[in-house]
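Participant: Since each chain comes alone in its own frame, lean on the hints to assemble the complex.
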Amino acid sequence: MDFKLRRPLEASSNASSSMMSEISRNLKPGLPFIPCDSTNICYGARQEQSFSEFPPPQVTQCHGLYAREQKTETKNQLEPSSAVNDLVMDWNPRLMLSNLSFLEQKIHQVQDIVRSIISQEGRANELAAQQQLVTADLTYIIIQLISTAGTLLPNIKNALLSATPPVAQTGVVANLPVNASQKHHEVLSVELAKASEYDELIKDLNSGGEGDELIKCLNNSVAEVSESIPIEDHDIKDYDDGMDGENLPPGSYEVLQLEKEEILAPHTHFCLICGKGFKRDANLRMHMRGHGDEYKTAAALAKPSKEASSEPAIIRRYSCPFVGCKRNKEHKKFQPLKTILCVKNHYKRSHCDKSYTCSRCKTKKFSVIADLKTHEKHCGRDKWICSCGTTFSRKDKLFGHVALFQGHTPAIPMDDAKVSGMSDHVQVGETTNGMVANMGYNFSGNASDDAQSLDIKDVDDGQGYFSPMNFDACNFGGLDEFPRSAYDVSESPFSFLSTGTCSFIPRNGEN
Amino acid sequence: MAKSRDLCRRIDRSDGFATLTLDLFSGSPNPNPCSYSRSAKRVRVSCASPAAAAAEENRSNPFDSLSEEVLFLILDRLESDPLDKKSFSLVCRSFYAAESRHRRALTPLRSGLLPAALARYPSVSRLDLSLCPSVTDAALASVGGALRSSLRSIDLSRSRGFSYAGIESVAVNCAALVEINLSNATDLSDAAAAAIGRARNLEKLWLARCKMVTDMGIGCIAVGCQKLRLLCLKWCLGISDLGVGLVAVKCKQLRSLDLSFVPITEKCLPAVLQLPHLEDLALVGCLSIDDEGLMSVKQESKSLQVLDMSNCQHVNHAGFSSLLSKTPELREISLAYYCKVTHSLASSLQKLYNLQSIKLDGCEVTTSGLKTMANSCRSLGELSLSKCSGVTDEGLSFFVTKHKGLVKLDVTCCRNITDLSLASITSSCTSLTNLSMESCILVSREGFRLIGQHCHLLEELDLTDNDLDDEGLRAISGCHNLSVLKIGICLKISDEGLIHVAKGCPNLQELDLYRSVGITDIGVMAIARGCPLLQIINLSYCTEVTDYSLRSLSKCSNLNTLEIRGCQVSSSGLAVVAVGCRKLTKLDIKKCYFVDDAGMLLLARFSQNLRQINLSYCSVTDVGLLALASVSCLQNMTILHSGGLTSNGLAAVLVACGGLTKVKLHSSFKPLIPKPILEHVEARGCLFQWRDKPFQVELEPSEVWKQQSQEMHV
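Those protein sequences? They're chains A and B, same order as listed. So in the numbering used here, spot 349 of the first sequence is number 349, and the numbers just go up one at a time. Position in the second sequence (from 1) plus 1000 gives the number in the numbering used here.
One chain only, chain B, in its complex shape (with noise of 0.2 Å):
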């Protein structure tokens, strides 16, 4: 016992786990770590022979001395990394069984598999199905026997194929339920609403688009579960005043209501102005809601703090006015999509003193109404102007000298913001930590020289579509802490300026350089070497890429998006990623020429969790794709124009890929594949897309492209 507390003192003080593996195995005399690593169900065969059991514990296994208490801490700290756990799980058989005990979510990829699951993981608390597409009611059944008291969220949203009994053998068995996600669920009726309605101690709930539930349904969940804090009731058509009505006098908890998209109008508003806990409340495109009607509310709300109401295009500033004079502690408002921002609009947020965030996104914005909300607001830290028009260097500089707490700033598609803007934002606004500019095309090297000179606490910079060349990369890679970087369509930039990047921002995890068709192995070979957190980069279209970009990126063991649509790289590059990133779960080698089934004989072997591929235009036959249906995790396939596909060979991966959720074909295939076997691939869950897009060659030449955009921008 003492040496395991001993154990436990320096698990505590120890940052990494590497010191405390080499300390066991030193310490023991007869390391034999991995006996039990075949299988779980070899683990039980070999136990289930009291003989074998018997010579296995003569053999005094060292980590046998470890108690439960050691093995939790550890696993405390491998919470980052599901490989870690695994490995860990595989060590011995005590390890296996804390880790059993230990684990507390759970993200099966096949429901098939959810009885042996479920026996193996006892206390799972957090079952997250969206990765199972069919889900039945017997699934649901064992998860109701098997995790009576310990489930407290069960996420259904991707899922189909069960019934309102499945729901209801959850929501009655586990009553610690607090957490269920039914999102999606577009064939559940109001019997399955009634079923929800028996979890007693439901605190969230997701239903959006279940269009089938009506009032009545929404009525048994209302007076079913009285302690929901969060509603999503999004595109619940079925839904009208009286149901919201009804929870807003039964849940008298709710935190959080999202109405979006429902058909109901003012008339239940001011029972749900009157919940006291409110504070997220989302109209988005609730129509029925007028001007008139939202004059008509007289109830107040105290506690209202985030208030969503984009696209609703019968409100005009007179009800907003009206509503916001009745919620004075809103922290949050979203108008996107909304009519003019004016002056008289503005003014109506002078006397929301905690106003932290607004959001305009595509709104009609005038100076003078931007001038006034500097003005009304007192300080803000969020502000989405997204593809507003109308912004201009005055009211933006206006704005931003008022308000130089900004953290986030949206400004995509304003075109007409130049270098003064930047100017204002650099100097006033030092603490930005979010910066989406993409297509202000009027900005220059002389701004992106400012953005490095003084923001230097960014960590999200959007540059997609700026005149930005290396000069202006070089003053960006000042940020330090930047770890999304999105600076495609920059023609002007070059290895030169990536190299910047990759020794000033060591931080990067996103780097997006689609079509900036100037950088070469050179740049991405730096960033690789410079930026070892990556975890996404597009270098798509960039046609200088090779295989050497790819070797130098396996070294980044956490990229798990990679996109090189249009280069010029081979099986054996893919082969390298495969092997060096092993957490790749998103690929996108269309038009890459070279790669054929070698690459996917490796990448099968090596990469077993890639989720989504694109593979269009690429050489890979019907051996390599019956290879990668070994992918056990694979889910969402596009194979468009793949030259040595054959209908039979396609057949056989459908049938093979028991995890397909989503797959894009072309349509001429569609006649070819048997009908049974399509149909078998749909009751599993799979959607089927069938494309006819004509066989495109030749690159776009990314010139062409680039004119076209500016011609749209025009």
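Isolated chain A, as found in the complex (with noise of 0.2 Å):
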């Protein structure tokens, strides 16, 4: 990819204004406001795409889509560094000219909108409707003219850099941040404390969903603007945190450092016409054919990169920017880390909180979701556990265990087991309350309580009385030994039918 291959110096000096002046030149005057124009059309959908349609506000972000265009020039970029000098001066002040005209036509037709709401009073619907567009229009008025002062930013920073001489303008990647003196510092946070007083008021402004993504961007461009160096394209799927068992030796690649922020980033691919933000690269391309048919031609579709791995191929690793961490080039063992996206899972894994939890452990907790998700398919699943407390995932480890070791046993899980003794248990219980526990088969002696079984209570006194379970006439061998007398069996049926069921007297006592 061609924006790879550029060096950082460049980006960070002059990408967002060259590319500006891209813009300007490629795309049609006013193409991207389009958008914002239709917003006297539809009302309904005005209010989501307030928000979505703004152009970019940090131009870096775009090269995705334009890098196909910047090819030449970026080529021409690479070559001397007198020539990297000139573009760096070049911002385009016809650009912010052009776009500041915009912001004027668009605060008219704000105004136009508050005075046909003056005029037309008391319709509550159109009013609220109103209200939200003017919100919405002052919203993207903020922003844009946030994007068009932030395009000047990097011009501050490169003249100052021109000024301390020689180690920028060489070039040497690997020394960018640290040449980033206490002087521009100075200068950047003054532009920082404005970004954020921006921040402050879009927050104010919109406290929805949109507005947080939004505020994340403008902290992103923020931060790529005072560092701006490119962000990678994600397609290459390597999770390899680092680049273990390869042996680089140092100064053989170049080394570059991502801030905190931009690692942090969701989306990494914004779109130039309504700023929607994507994690790859393809998304946004396809994303694009929305946007008119120029960009639905193969080669806007195209992946941009590979014409440009002609060139010498630049080894790149990457650098932590945790200081202290093994990762990050000031350590003295420093293992750089492969692509972008070691980068990231490397950060979140070591610097980050871990905010996801394990909605079924509730204990293991993971910073990169996908971690997550790769525990939470086997969670639970380390169910074989021996009784010395040793787990397996498998069942035949557990079983290879327990045969070696003397004693141990394979442990049923014990809420497993108390489990299902409730539910004996609960079996058990509800007999009991419905009959049997008057039947003195239970004799744990649960006496019944509720008056259902009342009524059956009775007749099951009475059972004492059908075939009476005394104790001799019982017998212990499986028979019956004493038929009972005569007189036993003219008295228990009979007496019984004839005296009902509730009237009777039991007679254990008289046996």
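None of these hints come from the bench; they were simulated from the model. All figures in this text were calculated on a predicted structure; none of them were measured in a lab. For glycine and all other residues, C-beta sits at the position ideal for the given N, C-alpha and C. You may find that some hints are simply not true.
Some chain B residues close to chain A (C-beta under 10 Å, calculated; not the full set) [as the list claims (entries may be wrong)]:
1) Ala1191
2) Gly1197
3) Asn1201
4) Asp1215
5) Gly1217
6) Gly1219
7) Ala1222
8) Leu1237
9) Gly1238
10) Leu1242
11) Gly1243
12) Leu1246
13) Lys1250
14) Pro1270
15) Met1295
16) Val1297
Derived lysine to any residue pairs resembling SDA-like cross-links, with alpha carbons at most 25 Å apart [what the hints assert, rightly or not]:
17) Lys383(A) <-> Asp1692(B)
18) Lys1211(B) <-> Cys386(A)
19) Lys397(A) <-> Gln1226(B)
20) Lys1675(B) <-> Asp1692(B)
21) Lys397(A) <-> Asp1692(B)
22) Lys1267(B) <-> His408(A)
23) Lys1267(B) <-> Phe405(A)
24) Lys303(A) <-> Pro266(A)
25) Lys1227(B) <-> Phe405(A)
26) Lys395(A) <-> Lys1211(B)
27) Lys395(A) <-> Asp1692(B)
28) Lys395(A) <-> Asp1064(B)
29) Lys1252(B) <-> Asp396(A)
30) Lys397(A) <-> Gln1299(B)
31) Lys1211(B) <-> Ala403(A)
32) Lys1227(B) <-> Ala403(A)
33) Lys1267(B) <-> Ala403(A)
34) Lys326(A) <-> Gly251(A)
35) Lys397(A) <-> Met1212(B)
36) Lys106(A) <-> Ser116(A)
37) Lys338(A) <-> Val323(A)
Facilitator: Now the structure itself:
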């Protein structure tokens, strides 16, 4: 990818301005703002569009889309450092002017709306819609202002950089952040303070989810403006955290270091027209098709990198911004990270809070959501437990363990046992409450209390009468050894029938 | 003391008990034998009052002079009959106490009586709860508490209602526990298995149909009960190779292992065969074991003696031969419902020098296979070819001439064999004790004559559905040792033949005359007179049989099973049987239309040991049934189409019969009986079977039935 090959110095110095100029060249003037003009036409859609359609606040983010067009220019940029310097200084006041004039138009529009509100009083529904419209437009204007102002920031910085002579101009990439000396920081901090003021303003204006995203974008833009190191394409699926086993001699590769905010940014590819963010370049290209036919050409849709690979490949490795980390280039035994994705995962895993908690076990925490998902696939499966406390993910491993060690037993999960036990008890309890307790089957003496069983109780007591269970008449060899006397027979079933179920006295005492 | 020693000697010498009783009574000046015969409770009550007790002592009971040693000796001789022991315990207080201390085995009818029973019998070692359909955890806890040191064996195979907690209390408290039968506890889970695992001294464990137990549970048992000698895991569908493998690793003492219908593969077989003492292995219906698997097993077992591989449908002779070559000491093989028994399979038996018994029920047997088997085996004692197709005179004759020591032979439904086979069997196997040849319809009078002539040692003979006549029966009566004779559906036999049997077979205990319609009262009376040991008789659909037969049968005091379906008997005849046969436990009087409430009243009064009764089509009403409800042993009732029965009466009976486990009723009653009552009875452990059979008034003519059965055979 061509953009990768561009040196960070250039990126930091002039990417934004040069690309802005390109925008002005490549796009019809005013094209980015067409959606904004449509605001008066469709109210319903306006509300959502207003935030997604603003032109990108930070131009560097648009490289994915415009990389193709930039190609020739970037090649130029790569050549001599003097040319770089020329380009560095070349920020486009015309573009800014056109932006500002557009903003002026926009403000007029808002004025019109407000006037119309004043003229047509009373209709509450329209009023609300129009108020929203005004809010949205104002927000948009503010964002536009910030981004326009943002284009100035690198210029200020570059001006300063070029003033402090050799290092920056020779383009030793690795030194860039270090080169940001105290003075620059002062300047930058002023800018940052401004930006943060805008942030707060926007926060006040929107408290919705879109607003949050927007603020993030703004934060990103500010961060990128201040450091402006290009963010790599994410299509490379390399989950290896480091480059273990890779022994590149120090100096044989260039080292990039992204800042924390960049690493943690949710999206790295932004639509130049509407500003929507994407994680993948390909997704952005798909998205761009919606903005017009010119984005539907095969060239526009093609993956924009491969031609550039004919260039002599510069091996690029990454450093973790966390000072003291082994992956930080300041570390004595520095081990660089291979890809951006490695950087992201490493930084999140090692230096961020573990904010994703497993919903199943409630104990395991992860900072990378993919790790959580991987864990959740196995969480709870690790149920093969030995009495010694060792757990196994596979039953055969547990049984191998148990077979090997004397006295070790497969442990049946206690809650499992309890549950089954409970259910057994419940069953018993149910029957007990129903009737059996009264039958003398359950001599735990579970007295039934509910009225429902009362009617049965009488019948049950009679049971002792029907088939008297007096002790000697019963037998313990499985046979009833002595028939009861004839008197018993004449007495039991028939007297029962005559007396009814409730009126007799149990014979137990008599026996 | 001298007197008691003398008594000991006399007891040792004496054959009967009656003599002794007479001696005691003649020697005592003031015989007062039955002062405590009322009930246990009464005894305890009188003891509780000191004055009464003193008064009793003053009377100087002559039985008190007998030492416990003597009483135990007497009791030892009473083991055969529980009724005698009961009488003994009711003689006096010391007898009662002696009996309490002497009893080792307890088979209670209700688990509700367990605490009291355990208090009375503190040294019970064998507790059979198979008659208690409902056993609660509390009951088991009382067992664990009362029989701490004595209990060795407990049978819960027919009980429900307990959980793992109950098992645990028994397993933990009873240190001497050696046997547990938990078969059919389908709702018990691994927790129960873990509880069993705490019975460290367990040697025998049955877990048939414990479908919820998994490898984890059996793992706990394997680790906990390392002294296991017998383990039955039949139908434990939750157990796999891992569990069985662990058992084989941990329980090195195993002698007998039943893995029937367990979803195991050949993977656990090496470990199982490695068990140093394994003698008995059942692999019935293990469908996951196939030829290739068996051939891959390399482990030998020098100890295995009994192998049951019935119903292993995926095993053919190749795999089986491979397994047999690893188990040279086999004595018994069962291959029921197996593949075709051919030459190649039979020849694989050649190296089994000790083979005694082969069971090939339901297999297809070829003549060459049978001949090869005859040549391969040394000397078989038992051969079962029941329901085998392809058994011919040639094969069977060849076989029996090679194996003259045959003791048991089963050729049920081998319809092709004729007198020729019988001639070889009778001439070669003179030591035959069991011969089953049901439905061997080609065998004629000559064949039966030969049986009677040569097989004098026959004890069990099954000639059901044969072409037997009085001459044949006369010949068979020469087998004087016969104890079981089944001659059902022999339409040609009559009283004459039966009289011969009665004269010739005094030891007859079981007689089956089902649908042998030529039999009348005369024949039955002869049997009743000639065979006093008779325990089981089936006279179903012998339509000539009347009350006279029952009167004569009432002299057979050992009779416990009486089936008289469709006989022309009445209540009076039944009453006489009830009075005479006190051990009657199973009674089938279906379609005895003349039996009514009067018969039930007397039955209820005298047959207190009745467990199973079929009253379908009888003229019994609510009254009779309620009277029957007082039989506390009653467990199994079938009442279909009893005209005088109402739903209310039935409900009352169901509630009154506390011990019911299975009731078969007509489905028209189901909506009529109040649901709470049904639920209540079910909660006590009773199972209802609702049948919707149409009412059949006329008796099926036996001739028609015979024709049907013959058509079926062809």
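Participant: With reference to the structure, classify each hint as holding or not holding.
Facilitator: Outcome of the hint check:
1. Ala1191: 4 Å, holds
2. Gly1197: 7 Å, holds
3. Asn1201: It is violated, given that the least Cβ distance between Asn1201(B) and chain A is near 16 Å, above 10 Å.
4. Asp1215: Result: holds, 6 Å to nearest chain A Cβ.
5. Gly1217: 7 Å, holds
6. Gly1219: 4 Å, holds
7. Ala1222: 8 Å, holds
8. Leu1237: Since chain A brings no Cβ nearer than about 16 Å to Leu1237(B), farther than 10 Å, the hint is violated.
9. Gly1238: This interface hint is violated because 12 Å lies over the 10 Å limit.
10. Leu1242: 4 Å, holds
11. Gly1243: Holds. Min distance 8 Å.
12. Leu1246: Holds. Min distance 5 Å.
13. Lys1250: 7 Å, holds
14. Pro1270: With a minimum Cβ separation of about 13 Å from chain A (threshold 10 Å), the hint on Pro1270(B) is violated.
15. Met1295: Met1295(B) check fails; min Cβ-Cβ to chain A is 23 Å, beyond 10 Å.
16. Val1297: Violated. Min distance 19 Å.
17. Lys383(A) <-> Asp1692(B): 49 Å, violated
18. Lys1211(B) <-> Cys386(A): 23 Å, holds
19. Lys397(A) <-> Gln1226(B): 21 Å, holds
20. Lys1675(B) <-> Asp1692(B): 19 Å, holds
21. Lys397(A) <-> Asp1692(B): 54 Å, violated
22. Lys1267(B) <-> His408(A): Cα-Cα ~23 Å, so holds.
23. Lys1267(B) <-> Phe405(A): 21 Å, holds
24. Lys303(A) <-> Pro266(A): OK: Lys303(A) and Pro266(A) at ~22 Å, within 25 Å.
25. Lys1227(B) <-> Phe405(A): Roughly 17 Å between the alpha carbons, so the hint for Lys1227(B) and Phe405(A) holds.
26. Lys395(A) <-> Lys1211(B): Satisfied, since the Cα-Cα distance of roughly 19 Å is no more than 25 Å.
27. Lys395(A) <-> Asp1692(B): 49 Å, violated
28. Lys395(A) <-> Asp1064(B): 65 Å, violated
29. Lys1252(B) <-> Asp396(A): 20 Å, holds
30. Lys397(A) <-> Gln1299(B): 23 Å, holds
31. Lys1211(B) <-> Ala403(A): 23 Å, holds
32. Lys1227(B) <-> Ala403(A): The given pair, whose Cα atoms are some 16 Å apart, holds under the 25 Å limit.
33. Lys1267(B) <-> Ala403(A): The given pair, whose Cα atoms are some 15 Å apart, holds under the 25 Å limit.
34. Lys326(A) <-> Gly251(A): 17 Å, holds
35. Lys397(A) <-> Met1212(B): 22 Å, holds
36. Lys106(A) <-> Ser116(A): This hinted pair holds, its Cα atoms lying about 15 Å apart.
37. Lys338(A) <-> Val323(A): 18 Å, holds
Taken one by one, the earlier hints fail for this structure at numbers 3, 8, 9, 14, 15, 16, 17, 21, 27, 28, listed in ascending order.
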